[in-house]
Amino acid sequence: MSILDQVNLNDNAPVTARTARPVLNQRSMARFALYVLAVTLTLWIILPLYFITASAFSTRDALYDWPKSLFPNPISFDTMDFFLNSRGVYSSALNSLIVGLITLALSLLIGAPAGYALARFIFPGRDSYKLLILTTRAFPIVILSIPLSVTFLNFGLYDTLIGVALVHTALALPQTILVTSSIFVAVPNELEEAALTLGCHRMSAFTKIVLPMALPGLAAAAIFAFVLSWNEVFAATILTSQNRTLPAQVLGSLSNSSLPLRYAGGFVLIVPSLLFILIIRKYLLNMWGRVVK
Amino acid sequence: MAQIRLENIIKLFGKVAAVNNVSLTINDGEFMVLLGPSGCGKTTLLRCLAGLEIPDGGNIFISDQNVTEFSPRRRNIAMVFQNYAIFPHLTVYDNIGFGLKMKKFSKADIEKNVKRAATLLEVDKYLERHPAQLSGGQRQRVAVARAIAMNPAVLLMDEPLSNLDALLRMQMRAELKRLLQEIGATTVYVTHDQVEALSMGDRISVMKSGQIAQVDDPMKVYTDPANTFVGGFIGSPPMNFLVGEVVQSEGGLAVEIEGQRLPAPANLARMAGQKVTVGLRAENIEAGEVKDGPGLPTQVMVVEPLGSHLLLTTRIGGQSLKVVTPVDYPVSPDQPLWLRPDLNKLRWLDAQSGTLLNLN
Ligand SMILES: Nc1ncnc2c1ncn2[C@@H]1O[C@H](COP(=O)(O)OP(=O)(O)O)[C@@H](O)[C@H]1O
Ligand SMILES: [Mg+2]
Numbered sequence: 001m002s003i004l005d006q007v008n009l010n011d012n013a014p015v016t017a018r019t020a021r022p023v024l025n026q027r028s029m030a031r032f033a034l035y036v037l038a039v040t041l042t043l044w045i046i047l048p049l050y051f052i053t054a055s056a057f058s059t060r061d062a063l064y065d066w067p068k069s070l071f072p073n074p075i076s077f078d079t080m081d082f083f084l085n086s087r088g089v090y091s092s093a094l095n096s097l098i099v100g101l102i103t104l105a106l107s108l109l110i111g112a113p114a115g116y117a118l119a120r121f122i123f124p125g126r127d128s129y130k131l132l133i134l135t136t137r138a139f140p141i142v143i144l145s146i147p148l149s150v151t152f153l154n155f156g157l158y159d160t161l162i163g164v165a166l167v168h169t170a171l172a173l174p175q176t177i178l179v180t181s182s183i184f185v186a187v188p189n190e191l192e193e194a195a196l197t198l199g200c201h202r203m204s205a206f207t208k209i210v211l212p213m214a215l216p217g218l219a220a221a222a223i224f225a226f227v228l229s230w231n232e233v234f235a236a237t238i239l240t241s242q243n244r245t246l247p248a249q250v251l252g253s254l255s256n257s258s259l260p261l262r263y264a265g266g267f268v269l270i271v272p273s274l275l276f277i278l279i280i281r282k283y284l285l286n287m288w289g290r291v292v293k
Numbered sequence: 001m002a003q004i005r006l007e008n009i010i011k012l013f014g015k016v017a018a019v020n021n022v023s024l025t026i027n028d029g030e031f032m033v034l035l036g037p038s039g040c041g042k043t044t045l046l047r048c049l050a051g052l053e054i055p056d057g058g059n060i061f062i063s064d065q066n067v068t069e070f071s072p073r074r075r076n077i078a079m080v081f082q083n084y085a086i087f088p089h090l091t092v093y094d095n096i097g098f099g100l101k102m103k104k105f106s107k108a109d110i111e112k113n114v115k116r117a118a119t120l121l122e123v124d125k126y127l128e129r130h131p132a133q134l135s136g137g138q139r140q141r142v143a144v145a146r147a148i149a150m151n152p153a154v155l156l157m158d159e160p161l162s163n164l165d166a167l168l169r170m171q172m173r174a175e176l177k178r179l180l181q182e183i184g185a186t187t188v189y190v191t192h193d194q195v196e197a198l199s200m201g202d203r204i205s206v207m208k209s210g211q212i213a214q215v216d217d218p219m220k221v222y223t224d225p226a227n228t229f230v231g232g233f234i235g236s237p238p239m240n241f242l243v244g245e246v247v248q249s250e251g252g253l254a255v256e257i258e259g260q261r262l263p264a265p266a267n268l269a270r271m272a273g274q275k276v277t278v279g280l281r282a283e284n285i286e287a288g289e290v291k292d293g294p295g296l297p298t299q300v301m302v303v304e305p306l307g308s309h310l311l312l313t314t315r316i317g318g319q320s321l322k323v324v325t326p327v328d329y330p331v332s333p334d335q336p337l338w339l340r341p342d343l344n345k346l347r348w349l350d351a352q353s354g355t356l357l358n359l360n
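If you read the protein sequences in the order shown, they are chains A and B.
If you use the numbering used here, the first sequence corresponds to residues 1 to 293, in order.
If you use the numbering used here, the second sequence corresponds to residues 1 to 360, in order.
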């Protein structure tokens, strides 16, 4: 039992508390500081999210009240309703979904084999290849945007969903490759070799042994790619005019709409990401905390 | 049937030759142990046999078929890995049946073979469990069951017992020996444990730095090591080696060790005047207080009681000599001791190269 727990148990466990008191020293102070830090950081993230959510469900008048009430009172769906029914929201949400799914599929199809190669084979140029993957992140999309737009216009990809998805795939690939490679590294090579001696080809050894074991991690990597695409706004704005994804649409239309609508838009953008993170949390713990079910 | 023939196998890792020109024939149904210190190339040689490594030189024949470049699944082998390598996402049943399923056996045949293998290894009670729910010893059994369920012509095992605790290892050793006799597959068994090698093998190949130092049946390897390396690696304590000089004396040929003479066989005559290494096992030496018969005057340095016997480390001149005596033998450090070796069991080796001398 940690010292902090013992202190918290003061009321119902006075004996434990008494024995613990002499040890209330530096270590528990450090622990306390750690908790304060953790709580601060959490609030830093949570509070804005909360206020956006609360504002999205408040009446217009309540938004300008001061002091603000902690809960929307009364709860109102007017703003949300208005936002969701305004022109282009549904179609752009659908666009976002399609672009996200294409990005997910492409980045896994390209990224997972690359990750597997990095995990299993020592090939010439392996280290430079790794470095190269990272340097793609060093090119700001802002610099690339003009040539990219011109190229896309030439190829007929401008203002198409597949065009946006291609750029999102390029953005997602570095992390997909590095994450999947660490997932494959965690599947012992010996298991694959055992499968080979038991009658498998390289391919069936992969599909029967490596893939099932890597699946949770691969799912997490896939969802990462989706979330990245869902949230990406810059490329999506520059490379489209009519077929906008949700963030591009929201950014384009909300900057000149009223404050309540901005809250509603913000809320709609945040929710899917939060949901995804909640869903993949288990797998993230699996992957990094090495927690075995 | 499944004879294995290795011809001049070479496997390089960069500039290091992990296996350096190994030739070896393993008979059908034979239990061959590859024994050697860690890093001597046992695993690499076994992996070449399995097809997990392709040798840089030489040929491998299984049942007279050249399989050197064959992928593992075309070799009719099964392998037990050092860390078991059982599949964590499959049940014990599916693990044992995996190979049969890959070879497209019918459901009924798979079931029959899985049940048979599981029963042989006493894991039939755990067929529905996942590996995470098994102990180390049980996982080890599943790994062996998975291999023998394949009815392989050749069974390859890489230190299968090294991850078990001492008691379990001894139990499993006897059990494996019986089991492998029963199924009769040609077996290549890698270990660095000389006790395992001596107790299980039909023959032992002792390896050193990627090469084979000796291939013989266990007793022969023990009593007639091909060189000082083998003698020093096998046996506990290892064989004693004393350096002396072959001399002609009035009573015939003799070897003079630290000024003391022991009779030497007549066919050592060509070595007269030269240095020679004498190999002798600790249990072939009799300890006494008084000088009677040919022997060596020594001084006791260390007395180690080992339960069933005493292990004495003694010194003669600058050389040391290990001896075993009954536990109740009265002896204490620093006392002088007269050691009488069994003269028939002395082994004569070249003092320079350390190889056994051919006395015929
Ligand atoms: N994949 C590899 N890459 C480079 N060197 C290796 C590899 N596998 C083995 N070696 C080297 O080859 C030698 C023999 O290794 P190994 O066959 O595993 O020995 P053993 O099984 O007898 O302990 C060692 O020096 C080892 O470092
Ligand atoms: Mg090894």
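Bear in mind the hints are in silico, worked out from the structure with no lab data behind them.
Note that beta-carbon positions come from the ideal geometry of N, C-alpha and C, so glycine has one too.
One or more hints might be untrue.
To be verified - Cut-off 25 Å, straight-line C-alpha distance, at most; resulting in silico cross-link-like pairs (PhoX-like, lysine-lysine):
1. K275/B <-> K345/B
2. K125/B <-> K177/B
3. K208/A <-> K103/B
4. K291/B <-> K208/A
5. K208/B <-> K291/B
6. K15/B <-> K115/B
7. K125/B <-> K101/B
8. K115/B <-> K104/B
9. K177/B <-> K208/A
10. K101/B <-> K115/B
11. K15/B <-> K112/B
12. K208/A <-> K112/B
13. K208/A <-> K220/B
14. K220/B <-> K208/B
15. K103/B <-> K115/B
16. K115/B <-> K208/A
17. K220/B <-> K345/B
18. K220/B <-> K15/B
To be verified - Facing chain A, a subset of chain B residues (Cβ under 7 Å, in silico):
19. A50
20. L52
21. P72
22. R73
23. F81
24. A85
25. F87
26. H89
27. F98
28. K103
29. L357
30. L359
Hint check results:
At roughly 19 Å between alpha-carbon atoms, K275/B and K345/B fall within 25 Å of each other, so this suggested pair holds. Under the criterion of a C-alpha separation no larger than 25 Å, the hint pairing K125/B with K177/B is consistent with the structure, at around 22 Å. Between K208/A and K103/B the CA atoms are separated by roughly 14 Å; this keeps the pair inside 25 Å, and the hint holds. Our distance criterion of 25 Å between C-alpha atoms is broken by K291/B and K208/A, whose separation comes to about 73 Å.
Under the criterion of a C-alpha separation no larger than 25 Å, the hint pairing K208/B with K291/B is inconsistent with the structure, at around 40 Å. Distance hint between K15/B and K115/B is unfulfilled; the C-alpha atoms sit about 47 Å from each other, more than 25 Å. Taking the CA atoms of K125/B and K101/B, the gap is near 21 Å; set against the 25 Å cutoff, the hint holds. In summary, the hint linking K115/B to K104/B is supported, as the alpha carbons are separated by about 17 Å, within the 25 Å threshold.
Pair hint K177/B plus K208/A does not hold up; C-alpha atoms about 32 Å apart against a cutoff of 25 Å. Distance check on the hinted pair: K101/B and K115/B sit about 14 Å apart at the alpha-carbon level, within 25 Å; holds. Restraint check: the Cα-Cα separation between K15/B and K112/B comes to about 48 Å, which exceeds 25 Å; the hinted pair is violated. Between K208/A and K112/B the alpha-carbon distance is near 23 Å, which keeps this suggested pair within the 25 Å criterion.
For the suggested pair K208/A and K220/B, the alpha carbons sit about 46 Å apart, so the restraint of at most 25 Å is broken. With a CA separation close to 18 Å, the supplied pair K220/B and K208/B stays within the 25 Å bound. Taken as a hint, the K103/B and K115/B pair is honoured in the structure, with Cα atoms around 17 Å apart against an allowance of 25 Å. Straight-line distance between C-alpha atoms of K115/B and K208/A comes to about 22 Å, which keeps the hinted pair within the 25 Å bound.
Simply put, K220/B and K345/B have alpha-carbon atoms about 12 Å apart, close enough for the 25 Å limit, and the pair holds. With a CA separation close to 35 Å, the supplied pair K220/B and K15/B exceeds the 25 Å bound. The closest approach between the C-beta of A50/B and any C-beta of chain A is roughly 6 Å, which is under the 7 Å cut-off, so the hint is satisfied. Checking L52/B against chain A by beta carbon gives a least distance of about 5 Å; that is within 7 Å, so the hint holds.
Interface restraint check: P72/B against chain A, minimum CB-CB distance 5 Å, threshold 7 Å, status holds. A distance limit of 7 Å between C-beta atoms decides the matter here; for R73/B the minimum to chain A is near 5 Å, and the interface restraint holds. Given the 7 Å rule on beta carbons, the hint for F81/B holds: about 5 Å separates it from the nearest Cβ of chain A. Interface hint status for A85/B: upheld, as the beta-carbon distance to the closest one in chain A is roughly 4 Å, under 7 Å.
Against a cut-off of 7 Å between C-beta atoms, the interface hint on F87/B holds, since the closest Cβ of chain A lies about 6 Å away. Checking H89/B against chain A: minimum C-beta separation of about 5 Å stays under 7 Å; hint holds. Nearest Cβ of chain A to the Cβ of F98/B: about 5 Å, under the 7 Å cut. The hint holds. Restraint check, K103/B versus chain A: the minimum CB separation of about 5 Å is within 7 Å; hint holds.
Nearest Cβ of chain A to the Cβ of L357/B: about 43 Å, over the 7 Å cut. The hint is violated. Residue-level restraint check for L359/B is violated (minimum Cβ-Cβ distance to chain A is 45 Å; threshold 7 Å).
Comparing the model with each numbered hint stated earlier shows that hints 4, 5, 6, 9, 11, 13, 18, 29 and 30 do not hold.
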